[in-house]
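First to last, the sequence lines map onto chains A and F. Counting in the numbering used here, the final residue of the first sequence is number 282, and the numbers go up one at a time with none missing. Counting in the numbering used here, the final residue of the second sequence is number 564, and the numbers go up one at a time with none missing.
Please note that the accuracy of each hint is not assured.
[Unchecked claim] Straight line, CA to CA, 16 Å or less: simulated EDC-like cross-link-like pairs of lysine to aspartate or glutamate:
1) Lys448(F) - Glu202(A)
2) Lys240(A) - Glu539(F)
3) Lys275(A) - Asp489(F)
4) Lys309(F) - Asp330(F)
5) Lys535(F) - Glu244(A)
6) Lys435(F) - Glu284(F)
7) Lys557(F) - Glu197(A)
8) Lys315(F) - Asp334(F)
9) Lys529(F) - Asp152(A)
10) Lys322(F) - Glu408(F)
11) Lys253(A) - Asp429(F)
12) Lys522(F) - Glu197(A)
13) Lys285(F) - Glu331(F)
14) Lys529(F) - Glu197(A)
15) Lys166(A) - Asp152(A)
No lab work stands behind these hints: they were computed from the structure.
Protein chains: 2
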Amino acid sequence: MEKLVVFGLGLIGGSLALDLKLRMNFKVVGIDKNPEHIKKALELGIIDEAGDLDQLADASVVIIAVPVNIIPKVTLQVLDLIGEDTLVFDVGSVKNEICKIVRNHQNRKNFVASHPLAGTEYSGPEAAILDLFDNKVNIVCEADKTDWRILDKALSLFKKLNMRIKMMDPVAHDRHIAYVSHLSHVSSFMLGKTVLEIEKNEQAIFDMASTGFASTVRLAKSSANTWAPIFMENKENLIKSLDEYIKNLIEFKSFVETNNEEKLKEAMNNANYIKSILNGIK
Amino acid sequence: MEKLVVFGLGLIGGSLALDLKLRMNFKVVGIDKNPEHIKKALELGIIDEAGDLDQLADASVVIIAVPVNIIPKVTLQVLDLIGEDTLVFDVGSVKNEICKIVRNHQNRKNFVASHPLAGTEYSGPEAAILDLFDNKVNIVCEADKTDWRILDKALSLFKKLNMRIKMMDPVAHDRHIAYVSHLSHVSSFMLGKTVLEIEKNEQAIFDMASTGFASTVRLAKSSANTWAPIFMENKENLIKSLDEYIKNLIEFKSFVETNNEEKLKEAMNNANYIKSILNGIK
Numbered sequence: 001m002e003k004l005v006v007f008g009l010g011l012i013g014g015s016l017a018l019d020l021k022l023r024m025n026f027k028v029v030g031i032d033k034n035p036e037h038i039k040k041a042l043e044l045g046i047i048d049e050a051g052d053l054d055q056l057a058d059a060s061v062v063i064i065a066v067p068v069n070i071i072p073k074v075t076l077q078v079l080d081l082i083g084e085d086t087l088v089f090d091v092g093s094v095k096n097e098i099c100k101i102v103r104n105h106q107n108r109k110n111f112v113a114s115h116p117l118a119g120t121e122y123s124g125p126e127a128a129i130l131d132l133f134d135n136k137v138n139i140v141c142e143a144d145k146t147d148w149r150i151l152d153k154a155l156s157l158f159k160k161l162n163m164r165i166k167m168m169d170p171v172a173h174d175r176h177i178a179y180v181s182h183l184s185h186v187s188s189f190m191l192g193k194t195v196l197e198i199e200k201n202e203q204a205i206f207d208m209a210s211t212g213f214a215s216t217v218r219l220a221k222s223s224a225n226t227w228a229p230i231f232m233e234n235k236e237n238l239i240k241s242l243d244e245y246i247k248n249l250i251e252f253k254s255f256v257e258t259n260n261e262e263k264l265k266e267a268m269n270n271a272n273y274i275k276s277i278l279n280g281i282k
Numbered sequence: 283m284e285k286l287v288v289f290g291l292g293l294i295g296g297s298l299a300l301d302l303k304l305r306m307n308f309k310v311v312g313i314d315k316n317p318e319h320i321k322k323a324l325e326l327g328i329i330d331e332a333g334d335l336d337q338l339a340d341a342s343v344v345i346i347a348v349p350v351n352i353i354p355k356v357t358l359q360v361l362d363l364i365g366e367d368t369l370v371f372d373v374g375s376v377k378n379e380i381c382k383i384v385r386n387h388q389n390r391k392n393f394v395a396s397h398p399l400a401g402t403e404y405s406g407p408e409a410a411i412l413d414l415f416d417n418k419v420n421i422v423c424e425a426d427k428t429d430w431r432i433l434d435k436a437l438s439l440f441k442k443l444n445m446r447i448k449m450m451d452p453v454a455h456d457r458h459i460a461y462v463s464h465l466s467h468v469s470s471f472m473l474g475k476t477v478l479e480i481e482k483n484e485q486a487i488f489d490m491a492s493t494g495f496a497s498t499v500r501l502a503k504s505s506a507n508t509w510a511p512i513f514m515e516n517k518e519n520l521i522k523s524l525d526e527y528i529k530n531l532i533e534f535k536s537f538v539e540t541n542n543e544e545k546l547k548e549a550m551n552n553a554n555y556i557k558s559i560l561n562g563i564k
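Let's have the full structure, built from the sequences with the hints guiding it.
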């Protein structure tokens, strides 16, 4: 039975463990600095046993699913200790930093920098679910720096999860993901915070949530421990997108203040174009 | 067969027509200044026939589902022409203005100011769907100004649609709805606009939409013709909430800029509290 070692038993690490155990019949060893996570993951059958770094030499696959600011340190440690055929991949939401840090490691060829575009607003081992990755895109960066047999092993595994693979430059990845995903998270976190601050009537929030609030604020339920490091690691791109977002909000507010219905509608009609993109049709 | 007259055959008016025809066996007469809407509503079986103002005297129920800035004018016209037992209700997202305007009309007692908290991001007669209102809250304002038999008729109708009724002062309604719903819409519209402006790669938007963007931007697909009048009519409350939202975004940005991880997490943890409210559990 091949051994899969998973570092970080949260939503992504836990869901990968669950699914790969089922679909590829791995023996799954879990590593997490939080003993509660280990306990929970064992209880829920997400992992077969708790492990440590001496389990790496004969591991077939190692997944790094720790918070993004810890990924570099853990990845370097792991790459020092693995066997010749071990596949190591991370699942971090920011890719340039990790790609830079492993670039000159002697075992760089065993590493695949990946970002599965999947998740929910929940966190921890309890949030782990089956089928989270089916039909989702997995972005792979600097694939040319991975040994072709190791990369092929990663592709087989990703295909067992029914993921779609997209190769991307890490700098481009971080820019795109800031604009599309990270900005959405900040927008939603701050919507939640603002509504809680100005709307003192919790019953009204609950009663009125069906008017679009519930879906727009969904991401505000996400874990601060996961997202603070992501925002800081992708700081420049995030700030650029936040500047644009704030500028647009201020402009929109001025249209409302001055009763400029024409400009107000124009701004909304521009936003409407997102419909055709999300439907995949121009 | 009792006659239902619906003014405005968009998402809400159309869905009410569809559902009430089925559940209460009305003959449905539609009125819409857009001839395309009339044509479409006839085609889709949303209405039985197109009508005009001379159809009001013997109508059992009249629904005002036109854009919120048109509601006062249409409502006053309708109240001038109805029969003694006709129930008239509007479905506007802003309530104080309409409540003020009908207050001294001789047929005020025939009117129910309501706001069904239901909808989708789509618009027009094609967006009309069955079961849109089941288990949704319908807010009723100044119910004491409606004749009790007319109000009871409205409650029977709302209950046929399986709506939950909540009585609310119109000033409080407009404040709550700005904070919870209208702010969400602006936040989402501007997210869509910003991402379209800074992210020139449409394929990247499409590929990365599963990372939370798709749900956060959903409301940006909404109709500008519906929402511009709502924002302007609820201007003061909306601006107050926008000011707070922008302030929070600027503050969050400064935490990222200064690597203030503690404050960043605190802001997100505060937002996380929305989870317990939306789950209905403190």
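Consistency of the hints with the structure:
1. Taking the CA atoms of Lys448(F) and Glu202(A), the gap is near 15 Å; set against the 16 Å cutoff, the hint holds.
2. Pair hint Lys240(A) plus Glu539(F) holds up; C-alpha atoms about 11 Å apart against a cutoff of 16 Å.
3. For a cut-off of 16 Å, the pair hint linking Lys275(A) to Asp489(F) stands: about 14 Å separates their Cα positions.
4. Between Lys309(F) and Asp330(F), the direct Cα distance comes to roughly 6 Å. Compliance with the 16 Å bound is thereby established for this hinted pair.
5. With a CA separation close to 12 Å, the supplied pair Lys535(F) and Glu244(A) stays within the 16 Å bound.
6. Restraint check: the Cα-Cα separation between Lys435(F) and Glu284(F) comes to about 13 Å, which is no more than 16 Å; the hinted pair holds.
7. For the hint linking Lys557(F) to Glu197(A), the alpha-carbon distance of about 15 Å falls within 16 Å, and the restraint holds.
8. For the given pair, Lys315(F) sits about 10 Å from Asp334(F) by alpha-carbon distance, which is consistent with the 16 Å threshold.
9. As the CA atoms of Lys529(F) and Asp152(A) are separated by approximately 48 Å, the hinted pair breaks the 16 Å bound.
10. Between Lys322(F) and Glu408(F) the alpha-carbon distance is near 7 Å, which keeps this suggested pair within the 16 Å criterion.
11. The straight-line distance between the Cα atoms of Lys253(A) and Asp429(F) is roughly 40 Å, outside the 16 Å bound, and the hint therefore fails.
12. About 12 Å separates the Cα atoms of Lys522(F) and Glu197(A), which keeps this hinted pair within 16 Å; it holds.
13. A threshold of 16 Å between alpha carbons decides the hint, and for Lys285(F) with Glu331(F) the separation of about 11 Å falls inside it, so the pair holds.
14. Under the criterion of a C-alpha separation no larger than 16 Å, the hint pairing Lys529(F) with Glu197(A) is consistent with the structure, at around 12 Å.
15. Note on Lys166(A) and Asp152(A): the hinted pairing holds, with a Cα-Cα distance of about 14 Å set against a maximum of 16 Å.
Checked against the numbered hints above, the structure breaks hints 9 and 11 and satisfies the rest.
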